[in-house]
Amino acid sequence: MIVGQSTDRLDGRLKVTGRARYAAEVKPPNMVHAVLVQSTVAAGNVAGIDATAAQTMPGVLRIITSANAEKLNLTGAKVLQSMLQNNDIFYNGQHVAIVVAVTLQQAQAAASRVRVRYTPTHAATMMDAALNQATLPTNFRDGKVEPDTRTGNPQAAMATAPVRIEQTYTTPIEHHNPMEAHATIASWDRDRLTVWTATQGISGAQESLASLFGLAKANVVVICPFVGGGFGCKGQTWPPTALAAMAARSVNRPVKLEVTRQQMFTSNGYRPRTVQSLKLAANQDGKLLAVQHDSLTQTSRPEVGEFAEPSGLAARMLYACPNIATSHRVVGINQGLPTFMRGPGEASGMFALESAMDELAVQLRMDPLALRLANYASEDATSGKPYASKGLRECYAKGAAAFGWQKRDAAPGSMRDGRVLIGLGMATATYPTVRMAASAQVRMMPDGTVLVRSGTQDIGTGTYTIMAQIAADELGLPLGRVRVELGDSRLPPAPISGGSMTTASVLPAVHAAAIQLRHRLLTLALAQAPAAWGTPAVKDLRLQDGLIVGPGGQVSAGDVVARQNVPFIDATVDIAPNAASKDFSCHAFGAQFAEVRIDPDLRTVKISRWVGAYDCGRVINPQTARSQLIGGIVFGIGMALMEETRVDAATGRTINANISEYLVPVNADIPVIETIFVEAPDLVTTELGVKGIGELPMVGVAAAIANAIYHATGTRVRDLPIRLDNLLA
Amino acid sequence: MKNDVVAPTRLTDMEHLDLRRISIVDGDLHLGALATMAEVAAHPEIIREWPVISQALLLSASPQVRNMGTMGGNLLQRTRCGYFRDVGFNCNKRLPGSGCPALLGDNRDLAIFGGSPQCIATHPSDLPVALMALDALLVLVALDGGTRRVPLAQFYRLPGTAPDIETVLQPGEMISKVVVPSGPHARNSVYVKVRDRTSFAFALVASAVCLAVTDGVIRDVRIVLGGVGPMPWRLPEVEASLRGRRVDPEVVATAAAKAGDGATATRFNKFKIELARRTVLRALQTVAS
Numbered sequence: 001m002i003v004g005q006s007t008d009r010l011d012g013r014l015k016v017t018g019r020a021r022y023a024a025e026v027k028p029p030n031m032v033h034a035v036l037v038q039s040t041v042a043a044g045n046v047a048g049i050d051a052t053a054a055q056t057m058p059g060v061l062r063i064i065t066s067a068n069a070e071k072l073n074l075t076g077a078k079v080l081q082s083m084l085q086n087n088d089i090f091y092n093g094q095h096v097a098i099v100v101a102v103t104l105q106q107a108q109a110a111a112s113r114v115r116v117r118y119t120p121t122h123a124a125t126m127m128d129a130a131l132n133q134a135t136l137p138t139n140f141r142d143g144k145v146e147p148d149t150r151t152g153n154p155q156a157a158m159a160t161a162p163v164r165i166e167q168t169y170t171t172p173i174e175h176h177n178p179m180e181a182h183a184t185i186a187s188w189d190r191d192r193l194t195v196w197t198a199t200q201g202i203s204g205a206q207e208s209l210a211s212l213f214g215l216a217k218a219n220v221v222v223i224c225p226f227v228g229g230g231f232g233c234k235g236q237t238w239p240p241t242a243l244a245a246m247a248a249r250s251v252n253r254p255v256k257l258e259v260t261r262q263q264m265f266t267s268n269g270y271r272p273r274t275v276q277s278l279k280l281a282a283n284q285d286g287k288l289l290a291v292q293h294d295s296l297t298q299t300s301r302p303e304v305g306e307f308a309e310p311s312g313l314a315a316r317m318l319y320a321c322p323n324i325a326t327s328h329r330v331v332g333i334n335q336g337l338p339t340f341m342r343g344p345g346e347a348s349g350m351f352a353l354e355s356a357m358d359e360l361a362v363q364l365r366m367d368p369l370a371l372r373l374a375n376y377a378s379e380d381a382t383s384g385k386p387y388a389s390k391g392l393r394e395c396y397a398k399g400a401a402a403f404g405w406q407k408r409d410a411a412p413g414s415m416r417d418g419r420v421l422i423g424l425g426m427a428t429a430t431y432p433t434v435r436m437a438a439s440a441q442v443r444m445m446p447d448g449t450v451l452v453r454s455g456t457q458d459i460g461t462g463t464y465t466i467m468a469q470i471a472a473d474e475l476g477l478p479l480g481r482v483r484v485e486l487g488d489s490r491l492p493p494a495p496i497s498g499g500s501m502t503t504a505s506v507l508p509a510v511h512a513a514a515i516q517l518r519h520r521l522l523t524l525a526l527a528q529a530p531a532a533w534g535t536p537a538v539k540d541l542r543l544q545d546g547l548i549v550g551p552g553g554q555v556s557a558g559d560v561v562a563r564q565n566v567p568f569i570d571a572t573v574d575i576a577p578n579a580a581s582k583d584f585s586c587h588a589f590g591a592q593f594a595e596v597r598i599d600p601d602l603r604t605v606k607i608s609r610w611v612g613a614y615d616c617g618r619v620i621n622p623q624t625a626r627s628q629l630i631g632g633i634v635f636g637i638g639m640a641l642m643e644e645t646r647v648d649a650a651t652g653r654t655i656n657a658n659i660s661e662y663l664v665p666v667n668a669d670i671p672v673i674e675t676i677f678v679e680a681p682d683l684v685t686t687e688l689g690v691k692g693i694g695e696l697p698m699v700g701v702a703a704a705i706a707n708a709i710y711h712a713t714g715t716r717v718r719d720l721p722i723r724l725d726n727l728l729a
Numbered sequence: 001m002k003n004d005v006v007a008p009t010r011l012t013d014m015e016h017l018d019l020r021r022i023s024i025v026d027g028d029l030h031l032g033a034l035a036t037m038a039e040v041a042a043h044p045e046i047i048r049e050w051p052v053i054s055q056a057l058l059l060s061a062s063p064q065v066r067n068m069g070t071m072g073g074n075l076l077q078r079t080r081c082g083y084f085r086d087v088g089f090n091c092n093k094r095l096p097g098s099g100c101p102a103l104l105g106d107n108r109d110l111a112i113f114g115g116s117p118q119c120i121a122t123h124p125s126d127l128p129v130a131l132m133a134l135d136a137l138l139v140l141v142a143l144d145g146g147t148r149r150v151p152l153a154q155f156y157r158l159p160g161t162a163p164d165i166e167t168v169l170q171p172g173e174m175i176s177k178v179v180v181p182s183g184p185h186a187r188n189s190v191y192v193k194v195r196d197r198t199s200f201a202f203a204l205v206a207s208a209v210c211l212a213v214t215d216g217v218i219r220d221v222r223i224v225l226g227g228v229g230p231m232p233w234r235l236p237e238v239e240a241s242l243r244g245r246r247v248d249p250e251v252v253a254t255a256a257a258k259a260g261d262g263a264t265a266t267r268f269n270k271f272k273i274e275l276a277r278r279t280v281l282r283a284l285q286t287v288a289s
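First to last, the sequence lines map onto chains Z and E. Per the numbering used here, the very first residue in the first sequence carries number 1; after that it's consecutive. Per the numbering used here, the very first residue in the second sequence carries number 1; after that it's consecutive.
FYI, nobody ran anything at the bench for these hints, they're computed from the structure. Careful: at least some of the hints might be erroneous.
Facing chain E, a subset of chain Z residues (Cβ under 7 Å, in silico) [said to hold, decoys possible]:
| hint | residue |
| --- | --- |
| 1 | D189 |
| 2 | R192 |
| 3 | R646 |
| 4 | L663 |
| 5 | A668 |
| 6 | V672 |
Derived CB-CB ranges, DEER-like [claimed, not checked]:
| hint | chain 1 | residue 1 | chain 2 | residue 2 | range |
| --- | --- | --- | --- | --- | --- |
| 7 | Z | G152 | E | R78 | 56 to 66 Å |
| 8 | E | P249 | Z | S378 | 55 to 65 Å |
| 9 | Z | T121 | E | L95 | 18 to 28 Å |
| 10 | E | E15 | Z | N68 | 38 to 48 Å |
| 11 | E | K2 | Z | S378 | 35 to 45 Å |
| 12 | E | L95 | Z | T56 | 48 to 58 Å |
| 13 | Z | T56 | E | P63 | 54 to 64 Å |
| 14 | Z | R261 | E | L95 | 14 to 24 Å |
Listed below are the simulated DSS-like cross-link pairs for lysine-lysine, each with C-alpha atoms no more than 30 Å apart in a straight line [to be verified]:
| hint | chain 1 | residue 1 | chain 2 | residue 2 |
| --- | --- | --- | --- | --- |
| 15 | Z | K15 | E | K270 |
| 16 | E | K270 | Z | K606 |
| 17 | Z | K398 | Z | K539 |
| 18 | E | K2 | Z | K27 |
| 19 | Z | K606 | E | K258 |
| 20 | Z | K217 | Z | K287 |
The structure presented is a predicted model; accordingly, all values stated were derived computationally and were not measured. The beta-carbon is built from N, C-alpha and C at its ideal position, and this holds for glycine as well.
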């Protein structure tokens with residue numbers, strides 16, 4: 001079995017040698033460059049644009065404004081502004097013009113000479129000043145999930161409970177900032193559009209572009225074989241992609257539009273700020289009597305679109321409690337449209353819930369882990385459904401043992417190394433297991449190699465590798481004889497690489513196609529078999545090391561294809577999620593354990609140890625899975641201690657729109673990380689038993705750190721990021 | 001330039017100039033303006049005789065930047081104020097008279113010393129903080145080849161009403177060399193830097209401290225703060241309260257408690273005042289032990 005074995009990623013060598021070609025590296029002949037011009041006010045409209053100076057600069061081919069922009073069809077679009085369709089301004093940084101020139105430098109120089117005049121109006125730039133204008137989301141989770149839920153009577157339970165916690169927690173605006181900036185190269189051939197673009201969803205990009213430009217889907221090709229990180233900001237199709245296509249059509253040449261690092265803060269979404277009210281009520285023995293989680297999340301003005309961070313979903317299902325209420329409200333202000341960012345909802349919501357659980361444990365004088373165990377849920381408390389699988393108890397146990405949790409002295413400030421304060425904190429992690437319809441094709445070539453094809457994406461997670469692993473096992477081949485093609489909309493379609501669902505969605509399709517192909521090959525082998533083979537059945541044959549082996553002899557699988565005189569034999573499968581999964585609550589789980597060391601005077605916080613135990617279902621490739629776990633924990637450490645997009649209240653403009661001042665952890669901030677797999681296969685969602693891994697490991701990280709900081713210092717910080725400013729008093 | 005903050009019509013390549021030398025002349029350290037941060041930081045005699053310089057450099061930037069960054073360039077690094085670096089904002093330093101949105105905006109990183117109603121930008125570099133504590137001199141060369149020596153303490157200008165003029169450099173003038181005196185204070189020196197992440201971040205507050213002690217009595221002490229003002233901020237009153245006193249934990253603590261005296265905070269940077277006290281204390285404790 002190759003599945004379940006640690007395997008180097010197939011695309012690793014290409015990446016470290018620079019041969020993996022990313023969107024921005026494609027150079028079609030005659031390609032020219034586009035640069036975006038953006039608003040410097042947050043509300044109002046464009047009164048006029050003076051492009052006369054820019055127009056006459058060297059190399060300038062076209063300056064596109066709302067006056068001459070192609071009209072797009074916005075029906076069904078998620079982002080409704082910033083594509084030069086009108087003169088309205090709803091946030092600072094909205095695109096107001098595109099300059100197209102022969103070279104990038106010419107386009108940049110001309111863009112800096114475009115003069116825009118505005119008629120500004122009052123802008124509400126900060127969420128916290130507009131909390132009283134919160135509204136019900138109009139399309140929460142695309143209408144598939146209720147924004148509000150209530151089981152039992154939390155208010156009544158709260159009123160009589162012996163122990164209560166009631167606190168407000170906030171998380172800041174964060175930007176994804178993958179290393180690869182968003183880039184699109186668009187090329188038209190009459191009414192056929194080809195784009196090379198950095199995206200987590202080629203199918204979605206194809207659909208969006210076809211809709212915006214009124215094209216048949218078949219006339220749009222989207223290519224993206226490699227993604228230099230996405231974390232959610234390459235999930236939907238953002239205005240720069242459409243603007244690149246618009247610019248290319250207007251100059252009738254291929255156009256490259258790569259946003260700058262600064263524009264990564266305005267042009268492809270962000271994790272919205274949240275203000276969350278968390279109320280817990282419990283008995284003296286720690287049994288939860290009521291949970292109420294009310295989330296306010298920032299969104300844009302409705303004219304731009306709507307996104308609601310689903311922060312309250314975890315509170316609905318994580319703990320056993322008879323009275324649970326959750327609500328989601330959005331606060332629309334003059335900022336761009338937010339979007340999914342790694343662990344959307346769970347990362348922000350579990351900071352609040354798992355901090356509050358820690359506060360409850362403190363109030364009860366109870367061990368925080370014991371409190372979780374006292375409220376361990378055997379079924380989803382809101383839906384009443386059983387869990388498809390749940391290895392959380394084992395995560396707690398194995399994580400605690402590896403970490404040495406039992407050595408923790410509960411009194412804040414009681415643990416020290418010399419003068420350095422030591423704090424130990426823990427939190428739970430959870431993330432839903434999601435699967436969507438996907439298709440895949442597997443081909444056996446005459447040379448005996450196999451080609452696996454699916455229009456999915458590898459966003460750095462290892463999708464190439466696990467697709468090959470599944471096919472190799474089913475077809476009895478070493479990994480070296482399996483190739484994978486993905487990231488091209490001409491391949492059999494697959495869903496977006498988001499929501500940790502790629503493995504659960506795409507692998508079953510690859511698996512089923514490989515099984516079909518195997519059957520086809522064996523059937524052909526029988527038909528071709530010499531008389532000496534006798535009359536074996538398909539079940540008597542097996543595939544092994546590229547050979548079809550039967551009782552009467554063996555033949556190479558490639559030869560079977562060659563004898564048919566065809567370029568390949570293939571099988572294509574389009575497969576939908578199991579209907580049965582609707583009757584279950586499907587989730588991955590984990591337990592996070594953090595040790596922090598805090599300078600007693602300067603109050604700098606250093607994460608000194610991390611242990612995480614994760615039930616992420618059956619693990620296909622422990623090596624790439626561990627990389628995801630580590631990456632998620634590091635992402636969570638950034639969320640806890642550093643990441644924050646800082647907005648100037650007067651203008652609504654970001655003041656740290658660069659990765660010098662928008663801090664993410666460096667290697668020196670990260671301790672040795674121990675990860676433990678607790679494999680509780682989810683056989684309801686897929687026969688393969690897999691769950692998602694991408695988001696899970698960052699969920700709960702910020703709470704574990706906040707809880708550890710409380711343990712070290714006695715200071716409870718409920719606002720992220722936690723910086724020394726909060727700890728100096 | 002990449003951010004359109006400055007748009008010079010002419011750029012001069014200095015790389016070929018013979019200004020990269022590190023030498024010791026009559027006990028003084030001479031640093032060519034083009035000596036790199038990495039070379040200076042790793043120089044054995046600097047590590048021994050002027051450790052505060054090496055430490056400040058090693059706590060600066062990243063290895064890649066230190067391989068390219070030079071003495072002159074680091075001394076002249078522009079502020080990291082987010083309002084200055086984004087042409088979408090008004091900024092008196094970038095566009096005199098346009099206003100300072102930082103005063104009422106997000107000013108967490110900005111000055112608590114030396115600011116003016118026109119500008120509260122900070123100087124971001126670590127090296128000049130160390131050099132200020134060592135009473136370094138700069139050698140400036142004019143277009144006609146004439147040179148002059150300017151103490152680093154008189155090189156930077158406070159913003160006042162002209163925050164766009166940051167130094168006393170005249171048009172056509174450049175730094176050619178840094179001259180640093182030696183002494184027991186230089187040998188017993190330290191750089192403490194406090195920041196939001198462990199590496200590759202600018203100081204929230206930093207402190208360079210030099211201390212010379214004879215027979216348990218402080219003969220010479222220099223205390224400079226970084227990250228708190230438009231130039232490295234020397235604390236003469238704190239120094240005076242220590243000079244001639246016995247090295248004693250209580251004396252040191254009392255002196256360090258004065259490190260925030262005279263500071264003016266804005267909305268988000270009040271913490272820097274307390275952090276300045278604690279950073280100076282840590283630095284003093286380190287050299288006093």
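So, going through the hints one by one against the coordinates:
Taking 7 Å as the C-beta cut-off, the interface hint given for Z:D189 is violated, the closest approach to chain E being about 35 Å. Against a cut-off of 7 Å between C-beta atoms, the interface hint on Z:R192 is violated, since the closest Cβ of chain E lies about 36 Å away. For the restraint placing Z:R646 at the interface with chain E, the shortest Cβ-Cβ distance is roughly 5 Å, inside the 7 Å limit, so the hint holds. The beta carbon of Z:L663 is positioned within 7 Å of a beta carbon in chain E (closest approach about 5 Å), and the interface hint is therefore held.
Here the hint on Z:A668 is kept, as its CB sits about 4 Å from the closest CB of chain E, short of 7 Å. Because the beta carbon of Z:V672 sits about 15 Å from the nearest beta carbon in chain E, more than 7 Å, this interface hint is broken. One distance hint, 56 to 66 Å for the beta-carbon pair Z:G152 and E:R78, holds here, with the actual separation near 60 Å. The supplied range of 55 to 65 Å is met by E:P249 and Z:S378, whose beta-carbon atoms lie about 58 Å from each other.
As the Cβ distance of Z:T121 to E:L95 is approximately 24 Å, the hint placing it in 18 to 28 Å holds. Between E:E15 and Z:N68 the beta carbons are some 45 Å apart, a value that agrees with the proposed interval 38 to 48 Å. With their beta carbons about 58 Å apart, E:K2 and Z:S378 fall outside the hinted range of 35 to 45 Å. The given range of 48 to 58 Å is broken by E:L95 and Z:T56, whose C-beta atoms sit roughly 25 Å from each other.
Our hint of 54 to 64 Å for Z:T56 and E:P63 is violated, since their Cβ atoms are close to 45 Å apart. A hinted range of 14 to 24 Å holds for the C-beta pair Z:R261 and E:L95, which are about 23 Å apart. For the proposed pair Z:K15 and E:K270, the alpha carbon gap of about 46 Å is over 30 Å, so the pair is violated. A distance of roughly 23 Å separates the Cα atoms of E:K270 and Z:K606; the hinted pair therefore holds under the 30 Å criterion.
Between Z:K398 and Z:K539 the CA atoms are separated by roughly 42 Å; this puts the pair beyond 30 Å, and the hint is violated. Restraint check for E:K2 and Z:K27: the C-alpha separation of about 24 Å stays at or below 30 Å, so the hint holds. With a C-alpha separation of about 28 Å, the suggested pairing of Z:K606 with E:K258 holds against the 30 Å cut-off. Restraint check for Z:K217 and Z:K287: not satisfied, since their Cα atoms lie roughly 54 Å apart, outside the 30 Å limit.
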